[in-house]
Amino acid sequence: MTETLVVLGGGAAGMSAASRARRLRPDIDIKVIEATSMVSHAPCGIPYFVEGLFDDENLFMTYTPLFFEKERKIEMFTNTTVREVDIGSRTVDVGNKRLEYDWLVISLGAVPKRIPEAEGKRVFYVHHPAHAVELRRDLWSLNKVAVIGGGILGVEMAEALVALGKKVVLIHRGRYVLNRMLDEDLGKVVTDAVSKDVDLRLGEDVEDIGEKSVKTDKGKYEVDGVVLALGVTPNVSLFKGKLNLGKSGAIETNEYMETSMKGVYAAGDVAETVNLVSAERVWMPFAPVANKMGFVAGSNVGGKRTTFPGTVGNMITKYRDIYIGKVGLNEAEAKKAGFKPISATIKSKTRARYYPGAKDIYVRLIADEESKRLLGGQIVGGEEVLGRLDAISVALMKRVTVEEMFFAEMGYLPAISVVWDPITVAARQLLKA
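Per our numbering, residue 507 is the first one in the sequence shown, and the count goes up by one each step.
Simulated from the structure, these hints should not be mistaken for laboratory data.
One or more of the hints may lead you astray.
[Stated by the list, open to error] Pairs of lysine-lysine residues, derived as DSS-like cross-links and limited to a Cα-Cα distance of at most 30 angstroms, are as follows:
#1 K721 with K627
#2 K702 with K855
#3 K672 with K724
#4 K721 with K824
#5 K619 with K748
#6 K672 with K846
#7 K726 with K650
#8 K718 with K619
#9 K619 with K673
#10 K603 with K576
#11 K878 with K846
#12 K878 with K579
#13 K694 with K842
#14 K603 with K537
#15 K724 with K673
[Said to hold, decoys possible] Ranges of calculated distance between the beta carbons of each label pair, as one might list FRET restraints:
#16 P622 with K810: 39 to 49 angstroms
#17 G747 with D698: 44 to 54 angstroms
#18 E915 with E590: 49 to 59 angstroms
#19 E581 with G747: 21 to 31 angstroms
#20 P618 with R787: 16 to 26 angstroms
#21 E590 with N649: 39 to 49 angstroms
#22 D698 with K576: 45 to 55 angstroms
#23 D698 with A914: 24 to 34 angstroms
#24 G844 with K576: 45 to 55 angstroms
#25 R787 with H637: 30 to 40 angstroms
#26 P862 with N585: 51 to 61 angstroms
The beta-carbon is built from N, C-alpha and C at its ideal position, and this holds for glycine as well.
Sequences and hints are given; from them, build the entire structure.
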């Protein structure tokens, strides 16, 4: 009898898992259940679609459902909601059908945090590309918009709306934007940049959202609409009491992405993993992590024993002309994990002093005072941020020391770097500590 893999969710993790399993096991049936019409989609592109940088909604998808059916022989159930999952009987109820499975991959992603009292008012959530056309149409019709939340999504949506010529009020309970990502010194660099275009309201808690207003503990703001960017939570409602959940609320997995039930895997924004720096269980809802988790889950379903090592939390965003990245632990996270952090922040240029067009770049490195092990890095700059961030990422995976980071050979070309790379300079500062 032919064995069956059922994948719940057709996003990055789900389609990576299905595709990998198909490559390794051409003999099994593979069925993917997706609640929308889009698969292998890219939610990170929504702010850029809203801004008008591209107009074709199909560009959100790497491949279409038809491609997976024709080229990879994967049966696609789009616009189909999962009603119930019976782990014991190994069945999934979808629409008016009951599917049996031998393997199950859960990749249902995450859902946005909501304010129940605001439902039904002019409140918008930025979550799934299948709803991006409607979101853009609605936001384009507004003149003044409140963005609630100063995390990555809030900053990116503020950028998009400013580029459209909208008046934007960004309300954030933190002292500076991206406060969960960055330490205060670099956080304030970003905050200063955002404040040039956006009416920033920091340290304020939202108390009420009306039809055309937002009231906080410090004031009331008249607006045409509200974008809620309060973050997301793992979409695990179908599995509470059925599978073990981790402290983050995501599904607990082992290094094979297998859950507490044999033959049931979880991958992507729905799954918990380990932080390679702190060794703590974490939830890291980012696309590159999701893709690799899906690859690992699909590999194990396909019979090729593969492990997911964990994550160092490499994340990057931008606001207009500056790029903002963080990897590993910030200082608060390092203290919470039991380290004694030391840090160094330096400001440099991105090009040689004689080469035109140089931009400012800030690098902050964090290390453990006792072991001198590198714990994290943050970079804010006008260019050449991602490559440096990735270099620190690999260093963290290999548990390098500050001295090893200092002696790491960094490339030099006057048009894109300086002879003493900013990472090298920051590491040298830490060596003095």
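How the hints compare with the structure:
1. Of the supplied pair hints, the one linking K721 and K627 holds, its CA atoms being roughly 14 angstroms apart against a limit of 30 angstroms.
2. Only pairs whose Cα atoms come within 30 angstroms are accepted, and K702 paired with K855 is accepted, the gap being roughly 22 angstroms.
3. Annotation: proposed proximity of K672 to K724 holds, straight-line Cα distance about 23 angstroms (limit 30 angstroms).
4. Only pairs whose Cα atoms come within 30 angstroms are accepted, and K721 paired with K824 is accepted, the gap being roughly 28 angstroms.
5. Between the alpha carbons of K619 and K748 the distance comes to roughly 23 angstroms, so the proposed pair stays at or under 30 angstroms and holds.
6. With a CA separation close to 44 angstroms, the supplied pair K672 and K846 exceeds the 30 angstroms bound.
7. Using a Cα cut-off of 30 angstroms, the hinted pair K726 and K650 holds, with the two alpha carbons roughly 14 angstroms apart.
8. Restraint check: the Cα-Cα separation between K718 and K619 comes to about 21 angstroms, which is no more than 30 angstroms; the hinted pair holds.
9. With a CA separation close to 24 angstroms, the supplied pair K619 and K673 stays within the 30 angstroms bound.
10. Between K603 and K576 the alpha-carbon distance is near 23 angstroms, which keeps this suggested pair within the 30 angstroms criterion.
11. In summary, the hint linking K878 to K846 is supported, as the alpha carbons are separated by about 10 angstroms, within the 30 angstroms threshold.
12. For the hint pairing K878 with K579, the CA-to-CA distance comes to about 51 angstroms; that exceeds 30 angstroms, so the pair is violated.
13. With a CA separation close to 22 angstroms, the supplied pair K694 and K842 stays within the 30 angstroms bound.
14. Between K603 and K537 the alpha-carbon distance is near 13 angstroms, which keeps this suggested pair within the 30 angstroms criterion.
15. Distance check on the hinted pair: K724 and K673 sit about 20 angstroms apart at the alpha-carbon level, within 30 angstroms; holds.
16. Between P622 and K810 the beta carbon distance is about 45 angstroms. The supplied range of 39 to 49 angstroms therefore holds.
17. Taken as a hint, the range 44 to 54 angstroms holds for the pair G747 and D698, whose Cβ atoms sit roughly 48 angstroms apart.
18. For E915 paired with E590, a C-beta distance near 56 angstroms keeps the hint of 49 to 59 angstroms intact.
19. For E581 and G747, the hinted distance range of 21 to 31 angstroms is satisfied, since their beta carbons lie about 29 angstroms from each other.
20. The supplied range of 16 to 26 angstroms is met by P618 and R787, whose beta-carbon atoms lie about 23 angstroms from each other.
21. E590 and N649 have their C-beta atoms about 45 angstroms apart, which keeps the hinted 39 to 49 angstroms range intact.
22. For the pair D698 and K576, the supplied restraint of 45 to 55 angstroms holds, since their beta-carbon distance comes to about 51 angstroms.
23. D698 and A914 have their C-beta atoms about 31 angstroms apart, which keeps the hinted 24 to 34 angstroms range intact.
24. Roughly 52 angstroms separates the CB atoms of G844 and K576, a value that falls within the hinted 45 to 55 angstroms.
25. A hinted range of 30 to 40 angstroms for the beta carbons of R787 and H637 is consistent with their spacing of about 31 angstroms.
26. Here the CB-CB span from P862 to N585 is close to 53 angstroms, well matched to the stated 51 to 61 angstroms.
Against the hints set out earlier in the document, violations occur for numbers 6 and 12.
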